[in-house]
Each structure stands twice: as structure tokens, then as C-alpha cells.
Amino acid sequence: MQASDIALSGRITRPVALPVRKITAYVRALYAGEQIRFEETLKAVKDDPATFVALHLSAYLCQEDGSPLVDVEQARALIDTAAPADIRALVEAGVNLNSVKDDAVESAAKN
Numbered sequence: 022m023q024a025s026d027i028a029l030s031g032r033i034t035r036p037v038a039l040p041v042r043k044i045t046a047y048v049r050a051l052y053a054g055e056q057i058r059f060e061e062t063l064k065a066v067k068d069d070p071a072t073f074v075a076l077h078l079s080a081y082l083c084q085e086d087g088s089p090l091v092d093v094e095q096a097r098a099l100i101d102t103a104a105p106a107d108i109r110a111l112v113e114a115g116v117n118l119n120s121v122k123d124d125a126v127e128s129a130a131k132n
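In case it helps, this note's numbering puts the sequence shown at residues 22 to 132.
In case anyone wonders, no lab produced these hints; they're calculated from the structure.
Please read these numbers as outputs of a predicted model, since none were measured by experiment.
Heads up, some of the hints might be wrong.
[Stated by the list, open to error] Taking CB as the label site, the calculated pair distances span:
#, residue 1, residue 2, range
1, K43, K67, 30 to 38 Å
2, Q95, R58, 13 to 21 Å
3, V41, E61, 30 to 38 Å
4, Q84, V116, 27 to 35 Å
5, A38, D86, 12 to 20 Å
6, L63, S88, 19 to 27 Å
7, A65, V116, 13 to 21 Å
8, G31, K67, 29 to 37 Å
9, N117, V93, 20 to 28 Å
10, K43, K64, 33 to 41 Å
11, V121, K43, 29 to 37 Å
12, A106, G54, 25 to 33 Å
13, E85, N117, 12 to 20 Å
Glycine included, every Cβ here is placed at the ideal spot set by N, Cα and C.
Kindly generate the complete structure, drawing on both the sequences and the hints.
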């Protein structure tokens, strides 16, 4: 096995039905290095809810092919104009897609 056998060839994305706008958006899975940097950045802004949410949106919200859709400033503008339920749906979908489940960690440790 080589490291290239482990690397993903394409970005994993998931559709998200926005409950208010009634459209489908996409969130993406972060690569491991991105996830580590993202979590470090989140720690620095944990007391700033708007920035915390904007960082989530800029990390997860994407085109269907996985390419980023918004940067942090655009995400801030989106927060100011989108329905809270739609923002919540996007953030929750991104978090769920990128979370490492405890049972998966335990299973990997056993192998």
C-alpha cells in the first residue's frame, strides 16, 4: 500500500434541502489537514458566534463538485440575508458529514 492509495480522488459532497428557500445546496467533506486547521481556527473564535457560523459555512458550503462556494466574508453576508433554518440546515449537515464518530475511532483503534 502507498499513501496515494489512501488519498481521496474527489471531494465528497452531500445535498442539503433548505427548508425555507426550498432549494438544494451542497456541503463538502474536509480533507484531514483542512479539518485540523479548521478546528484550530474555530477555537480562536469560539466567543464570536457570527464568525463561528461564518467559518462553518465557508468551510462546508460548496458547488456540487465540491469546490468552495463562499469565503468567510461572503458567508457573513449570507448569514445576514438567509433564513436561520436554512443556515442551521447547512451547518448541521456540514458538521454531520465531517464528524468522526466515537465508534469509528474505537473500531479503527482495534484494527
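Status of the hints after comparison with the structure:
no.	hint	in the structure
1	K43 x K67: 30 to 38 Å	33 Å, holds
2	Q95 x R58: 13 to 21 Å	19 Å, holds
3	V41 x E61: 30 to 38 Å	32 Å, holds
4	Q84 x V116: 27 to 35 Å	20 Å, violated
5	A38 x D86: 12 to 20 Å	19 Å, holds
6	L63 x S88: 19 to 27 Å	22 Å, holds
7	A65 x V116: 13 to 21 Å	18 Å, holds
8	G31 x K67: 29 to 37 Å	32 Å, holds
9	N117 x V93: 20 to 28 Å	21 Å, holds
10	K43 x K64: 33 to 41 Å	35 Å, holds
11	V121 x K43: 29 to 37 Å	32 Å, holds
12	A106 x G54: 25 to 33 Å	32 Å, holds
13	E85 x N117: 12 to 20 Å	18 Å, holds
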